[in-house]
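There are 2 protein chains.
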Amino acid sequence: MALVDRKLFGPGPGNPYPEATSALGQPLLGHLDPVFLSLMDETCDRLRTVWGTTNARTIPLSATGSAGMEASFVNTVSDGDVVVVAVNGLFGQRMCDVAARCGAEVVPVEHEWGAPVDVDRVLSAHPSPKVVAAVHAETSTGVRSDIAALGAGKGDALLLVDAVTSIAGIELRADDWGIDVGYAGTQKCLGVAPGLAPFTINDRAFARRVEKPQSWYLDLGLLGGYVGEASGSGGRTYHHTAPTAMVASLHAGLGRILEEGLENVWARHAEAGRLLQSGLLEMGLELFAQEGSRLPELTTVKVPDGVDSAAVRKILLERHGIEIGAGAGAYAATVWRIGLMGHNARPDAALLALAALADALAEVGWKP
Amino acid sequence: MALVDRKLFGPGPGNPYPEATSALGQPLLGHLDPVFLSLMDETCDRLRTVWGTTNARTIPLSATGSAGMEASFVNTVSDGDVVVVAVNGLFGQRMCDVAARCGAEVVPVEHEWGAPVDVDRVLSAHPSPKVVAAVHAETSTGVRSDIAALGAGKGDALLLVDAVTSIAGIELRADDWGIDVGYAGTQKCLGVAPGLAPFTINDRAFARRVEKPQSWYLDLGLLGGYVGEASGSGGRTYHHTAPTAMVASLHAGLGRILEEGLENVWARHAEAGRLLQSGLLEMGLELFAQEGSRLPELTTVKVPDGVDSAAVRKILLERHGIEIGAGAGAYAATVWRIGLMGHNARPDAALLALAALADALAEVGWKP
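Residue numbers (the numbering used here), protein chains in the order written: chain S, 233 to 600; chain U, 233 to 600.
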């Protein structure tokens, strides 16, 4: 099959950092090789930095970000537990489904898509939930919500946060903000191919975990024998075969980020997003996400009236090799999602996205 | 971190086929890119060939082989269902745990480790199980069991088979043998890095599936919208972000296998295993797996009396860059596992494993 070289400017995956791609081609290591175990330990350390946590139990789960969501719920929620979910997009909706499969009494707090989470409504939705769950950066709408405020008001509840599209892209401080359980993905601002779910859980949540969760694969009690908890003890228990190539790639991607400096990486995402969003507005397009809550790394823009969303995306893909995303859910045909994440969070990528979109819009006859 | 180049002669992962490694370094594709969707479809076709099936629902699950086990049970077993499990090693034991977490009434049929599954005992263990489960090639013991005989006698039960260490290494004919649900891993004889679980389920099992399984991530009803069932219809539903780099690598590894010819690949594994096992016997070592049921791709050998298993493995790793496996479970210190799988199923690898083991045994002072 001929190589196809895309600019991945959709909602993810983005183009990985070159260091992350190079690592995939290195000789494979066994999952119990001492060299690999050191690399895994260092990967967990690096993940702690991007999560903003000191949690011992910070690991890359061996599946994609959606499995991180599942791991978060199956390890903390069992029959009859009350789970308040802030729903302001597709991933909040999904949390309700996943929590319900754990037997939770789900209390969804619905929001208009495009708006951030209303912290007061979420915190007053139930007097004593076991878990309050929210999405930090909604991939479906391009909206950022205030996790720190949820953490400050959570009371006795555990705060469970989706950081799939925020990690290593915008400010994220799990410990300072009171996040008890968090999951992410590798294929967004971390700049690594999809396939792993960076996960973190603090002692408070671990102490209240489900002793024998319905998932064997994602059972943190079993996983602890292989990573994290066993560090330094010399004893590692086999649980499953870690995806060693992907872990090596994550290790390298994180190395690139920390070498640049995490706050510099955040600033680079902010600048690329600012360039893109101001350019889109100058072109006469409208942004979808509410002003003041727009993610720099993932921009949602309204498809202009009379323009065929798919036709424009096809021109971008076929003429320019650029992938952007359709909208999600009810907005599939009326919103585009443009991601400048990880390696793509650069001014030149922003300019290229703008120029190519202008070209495609002209091609379909749109005038502002 | 300096590159370390190992010969992975343990129970897996093995060294990938070069084609599979090269594919990991190719430009990343998005999971909804038409080029990627074609590649995914072709990957599923190729998987059908190595499974020996025409099942439409034949897909690479986005997690490792152990998640394939979990997917098999959560989609077929719910509260109170009777599951007969043939237990002749670690992975049969694990099946019992995973099935129990689905609420199954588990009927384990215990065997001595090193022996193949006793088909008559398994089939007579319960008059009307919903599922009969067995491991085709026990990675913990190096033993092959007769799946065709289980299929011939299964009656109304669904036959659920672990093919993690058999797929693309020894004869496997899912449809001819009556396998209803099967899972595998990529890191053994398929010659690809760990990270995906090739999975297949036939119409008979799919019709009897759990409508809303406890796992959202592994829910076949949801997964069907993205792969397999939607093929040709043009409509693909987003479920989760497929690990596109790993799928491209699997596609390439399968391409290599099918170019060589599946039966030729089986013959290559048989020959490498024969060379290794006859060489070990000539050295005066004893094999662990019962004669007549020995896997060519994974050889279990008894650690000679008075020899420190770990010391020998350390010499192999540090002097020769060769990884072999310790034993599993109660045999951790008394058995070695030597895998010649996928790209390593070659005469030169067999000779090297023998020569290096002889050197290490001499180093620790062992004489036959």
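Honestly, the hints are just simulated from the structure, not real lab data.
A few of these clues could be false.
For identical chains, the list gives no copy identity; a pair is met inside one copy or between any two copies.
Lysine to aspartate or glutamate pairs mimicking EDC-like chemistry, simulated, CA-CA at most 20 Å apart [stated by the list, open to error]:
#1 444 <-> 311
#2 599 <-> 518
#3 534 <-> 350
#4 534 <-> 514
#5 386 <-> 337
#6 546 <-> 595
#7 546 <-> 237
#8 534 <-> 408
#9 386 <-> 344
#10 546 <-> 265
#11 239 <-> 265
#12 546 <-> 274
#13 362 <-> 492
#14 239 <-> 403
#15 599 <-> 443
#16 599 <-> 540
#17 444 <-> 378
#18 239 <-> 342
#19 386 <-> 495
Against the structure, the hints:
no.: 1; hint: 444 <-> 311; verdict: both (13 Å within a copy, 16 Å between copies)
no.: 2; hint: 599 <-> 518; verdict: within (14 Å within a copy, 80 Å between copies)
no.: 3; hint: 534 <-> 350; verdict: neither (23 Å within a copy, 64 Å between copies)
no.: 4; hint: 534 <-> 514; verdict: within (14 Å within a copy, 74 Å between copies)
no.: 5; hint: 386 <-> 337; verdict: within (18 Å within a copy, 40 Å between copies)
no.: 6; hint: 546 <-> 595; verdict: within (11 Å within a copy, 65 Å between copies)
no.: 7; hint: 546 <-> 237; verdict: within (15 Å within a copy, 43 Å between copies)
no.: 8; hint: 534 <-> 408; verdict: neither (35 Å within a copy, 53 Å between copies)
no.: 9; hint: 386 <-> 344; verdict: neither (22 Å within a copy, 53 Å between copies)
no.: 10; hint: 546 <-> 265; verdict: between (46 Å within a copy, 10 Å between copies)
no.: 11; hint: 239 <-> 265; verdict: between (36 Å within a copy, 11 Å between copies)
no.: 12; hint: 546 <-> 274; verdict: neither (41 Å within a copy, 23 Å between copies)
no.: 13; hint: 362 <-> 492; verdict: neither (39 Å within a copy, 56 Å between copies)
no.: 14; hint: 239 <-> 403; verdict: neither (25 Å within a copy, 42 Å between copies)
no.: 15; hint: 599 <-> 443; verdict: neither (60 Å within a copy, 49 Å between copies)
no.: 16; hint: 599 <-> 540; verdict: within (14 Å within a copy, 78 Å between copies)
no.: 17; hint: 444 <-> 378; verdict: neither (32 Å within a copy, 33 Å between copies)
no.: 18; hint: 239 <-> 342; verdict: neither (34 Å within a copy, 54 Å between copies)
no.: 19; hint: 386 <-> 495; verdict: neither (27 Å within a copy, 60 Å between copies)
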